[in-house]
Amino acid sequence: MNILLAEDEPDIQLVTRLALEDAGHTIKVVSDGQAVIEHAQASSFDVLLLDIMMPRLDGFAVCLQLKSDPRTRDLPIIFFSAKSQEAEVEKGLSLGAIGYIVKPFDVFTLADAIDSILRTG
Amino acid sequence: MNNPSTIPNQLQCPSLSPIDGSAATLAYTQKLLDAVNAMTSVALQYHRQPERFMEEMISCLIKIMNFQAGALFISEKQPGALCLAAVATAPGQKPTTEQSALWRAPLLDHTQKLAQQTIDQGQAFIITADLIPPHLKPIGAALQNQAADRLISMPLLVEQRPIGVVQTVVPIQHSFAQTEVLAMQLLAGQIAVTIERLWSFMALRAEQERTRAVVDATNDAILMLDATRRVIMINRRAKFFFGLAERDVWGKEYHQLYILLTLILDEPQRFTQWFLPLLESETKRDMEEFQALLPEPRLLQCFTAPVVGHDEQYLGRILIFRDITREREVERMKNDFISIVSHELRTPLTSIRGSLQLVLGRKSMETKPQSLTLPPRSLELLNVSLSNTERLIRLINDILDISKIEQGRIQLQPDTLDPANVCQAACNEVAAFATTRGITVQIETPEELPSICADRDRTVQILINLISNAIKFSESGQQVLLSAQPFDKFVRFSVRDWGRGIAPEDQQRIFQKFQQLDSSTTRNAGGTGLGLAICKALVEEHGGRIWLEDAMPHGTVFHFTLPLAVDHADQADIPRQLKRQTLVLVVDDDPHVRPLLARLLEKHGFHVASAANGVEALEFVRRKQPDLILLDIKMPDIDGFEVLRRLKHMNHIHPIPVVILTANDLGEITRTRALRLGAFVYLEKPIASEHLISTIEQVLDQVENPAITPG
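Going down the list, the protein sequences come from chains A and B. Counting with my numbering, you get residues 199 to 319 for the letters of the first sequence. Counting with my numbering, you get residues 16 to 726 for the letters of the second sequence.
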């Protein structure tokens, strides 16, 4: 899969990228909300792994914009965050995301979790 | 010899003779009636000044009877304990020392004794200067000094019960006829009744003031409407809360009060929709929250209940407003704190755990292009780091869970589950842990096990917790047995170990937070002390029970029950949490109406999603099929009719029922058109909450059971 990873923490970027590359996927990493939108509009990705707390635009705002744009409306979005309160999860899902992965995640099962969400979403 | 403590009979008042019908007697009777009216007026005038009241009473009597002076003795707090309440002299005369001397020391002692005897014997007495018992001789001398020769002492009786005595001095030249005795008895009786009424009034007023003080002292705003729906009480706090003066609300009917509420509350219409049905009920109690804008923004919790008298008569309805702004703020800060802290802790833990996992790899991970070869010591230390990282993560998760449990925010996602399946899932999760400890986990379930109604993730969480504990407290080579079997209307899960068991004194506290047995063992085992508390809360949230069975010294058995999955007919037995969470999509462009409807629906156990327009609604439906749509008609981009049309063309397994909820000014044509386009029901705003909920429930019932016709 061609995965767009939106994450501003460099260490988490590294760990996540390595975990998914080890599982055979191609990863493009961006570190702020505005960059996510630009990349999503410019290229084709199979899924967006989207953090919430990011500079310039947070994950919720990014999701809203992507879902309002016909060019990016169909990009599957999975929220990827350490925030796990029900309100946050529900907000993410109500904005159009198909799944929510709570950090910290297991590097060995992350790719499977993404696959599973894509299948059922 | 006469007993000095009694008065000879001949000095007692002569018996009364009936009044004849002569003009003189009639005139005298009229005079008496005027006197009674005068006393009543005095009572009304001076009822708030007891001392003045007493003085006026005795003055009234003296004036009417043309006596020289008089006094009132009242039996207050203790029965029979007489106190001098008032002394008066004839009007127009200056009070002289001689006239009032009878009721001053040293003569007071004697007149008081006379009054006591009057009370004790319950009869009136006339004391004359020439015929006076020895112990009252000083009175005789005083009478002579006043040119009076008689002292009358008469009891004040209320229904034959003495409450005091009136004493009057009659001048020598005054012929005291029997009719005057009758008159005096009548007036004394009137004084007695009036005094009794004064006491009752004072007691009632004191009680009212006490009650009022209590009501005013409370921190809550209180209003009361009587049975005719008029405001009859508003406390001090209410005036402060709403910036109102008593005159603004007292006596006002609810519809007048509503006008004031439109200025004060953010959603006065919602308040009315909530309160009016309750106002029509003589039994219902309810609580709701409203945002007040004046005199300053605040969140109010409003409680209402009927007020019923001691004879079960409906007196009215009370409204109590409590400012919960600060409480909610603290709750929000606490939630924010927990959210922020957990986020801040989890973020670095993500990097730590991830990098350790990548470095250590996993045995089965054969896709790694190049495995890392680490010296054994480094490997051991890295594993220590990883296991403690996992422990920290578990602690954070447990703390979050406990926080949710304590705030009642655990939301179950119930489903029909196969108990054997969840047992297997839990065992799979703990398999690696069991292997490292040399423990074998066995599952024993009968072939036919009834399904349970439970949240899958939470059920697996409970089982993992119990099995992990059993593993921790077992020795290598031992076994842990997981079993499930039917248990009345439940399935009972059991986790058995053959470890060292739990001492009886520890069995009570084991389900409490942060309670661990033998900290050295549990520290080694990586426990947080929250696991069993969480298990207990989750089991009980499902309506089940958890307990442990002592099998010392050969281990422990933990049991817990989860309810069976039942058919529709028995749905009412399941706690509301476990009813399938019906998802309602609320579609309305009004940003005030959407949250209002969402709150109402959530309060009645529905899961709610919102859309601000038709496009959003259809987008949502494409992703996730709601169980029902509550749809407005007039919306900016595509209207409700277009939404109905497009819904028809969507491929859903089951059609989604749509309930129209729209403004009431659109007419019959709109209603007909909506129903023709497939709407189930057409409702108009404003609508009573109960009507909306019952309509939605009826529609859902009909969809699930097409044989049922909605009422």
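Since the hints were made in silico from the structure, they are not lab data. One thing to keep in mind: the hints can contain errors.
[As the list claims (entries may be wrong)] Calculated lysine-lysine pairs in the BS3-like style (CA-CA distance at most 25 angstroms, straight line):
id	chain 1	residue 1	chain 2	residue 2
1	B	Lys618	B	Lys299
2	B	Lys639	B	Lys649
3	B	Lys663	B	Lys618
4	B	Lys618	B	Lys349
5	B	Lys663	B	Lys419
6	B	Lys528	A	Lys289
7	A	Lys289	A	Lys265
8	A	Lys265	B	Lys649
9	A	Lys265	B	Lys299
10	B	Lys267	B	Lys299
11	A	Lys265	B	Lys639
12	B	Lys700	B	Lys618
13	B	Lys299	A	Lys289
14	B	Lys649	B	Lys663
15	A	Lys289	B	Lys639
16	B	Lys267	A	Lys289
17	B	Lys349	B	Lys299
18	A	Lys226	A	Lys265
19	B	Lys419	B	Lys349
20	B	Lys663	B	Lys639
21	B	Lys419	B	Lys528
Regarding the pair A:Lys289 and A:Lys265, is the alpha-carbon distance no greater than 25 angstroms? Roughly 14 angstroms separates the two Cα atoms, so the pair holds.
Are the Cα positions of B:Lys649 and B:Lys663 separated by 25 angstroms at most? Since the Cα atoms of B:Lys649 and B:Lys663 sit roughly 19 angstroms apart, the hinted pair holds (cutoff 25 angstroms).
Hinted pair, alpha-carbon criterion (25 angstroms max): B:Lys349, B:Lys299. Please report holds or violated. violated, 34 angstroms
For the pair supplied as a hint, B:Lys299 and A:Lys289, is the alpha-carbon distance within the 25 angstroms limit? Violated: B:Lys299 and A:Lys289 sit about 35 angstroms apart, past 25 angstroms.
Hinted pair, alpha-carbon criterion (25 angstroms max): A:Lys265, B:Lys639. Please report holds or violated. holds, 15 angstroms
Regarding the pair B:Lys419 and B:Lys349, is the alpha-carbon distance no greater than 25 angstroms? holds, 11 angstroms
Could you grab the alpha-carbon distance between B:Lys618 and B:Lys349 and see if it respects the 25 angstroms cut-off? holds, 23 angstroms
Given the hinted pair A:Lys226 and A:Lys265, is their alpha-carbon gap at most 25 angstroms? Holds. A:Lys226 to A:Lys265 sits at ~20 angstroms (cutoff 25 angstroms).
Hinted pair, alpha-carbon criterion (25 angstroms max): B:Lys700, B:Lys618. Please report holds or violated. holds, 19 angstroms
Is the hinted pair B:Lys267 and B:Lys299 satisfied, with a Cα-Cα distance of at most 25 angstroms? The hint holds at about 22 angstroms.
For the pair supplied as a hint, B:Lys419 and B:Lys528, confirm whether the alpha-carbon distance does not exceed 25 angstroms. holds, 14 angstroms
Keeping to a limit of 25 angstroms between CA atoms, is the pair of B:Lys663 and B:Lys639 held or broken? holds, 16 angstroms
Going through the hint list in order, the structure does not satisfy hints 3, 5, 6, 9, 13, 16, 17.
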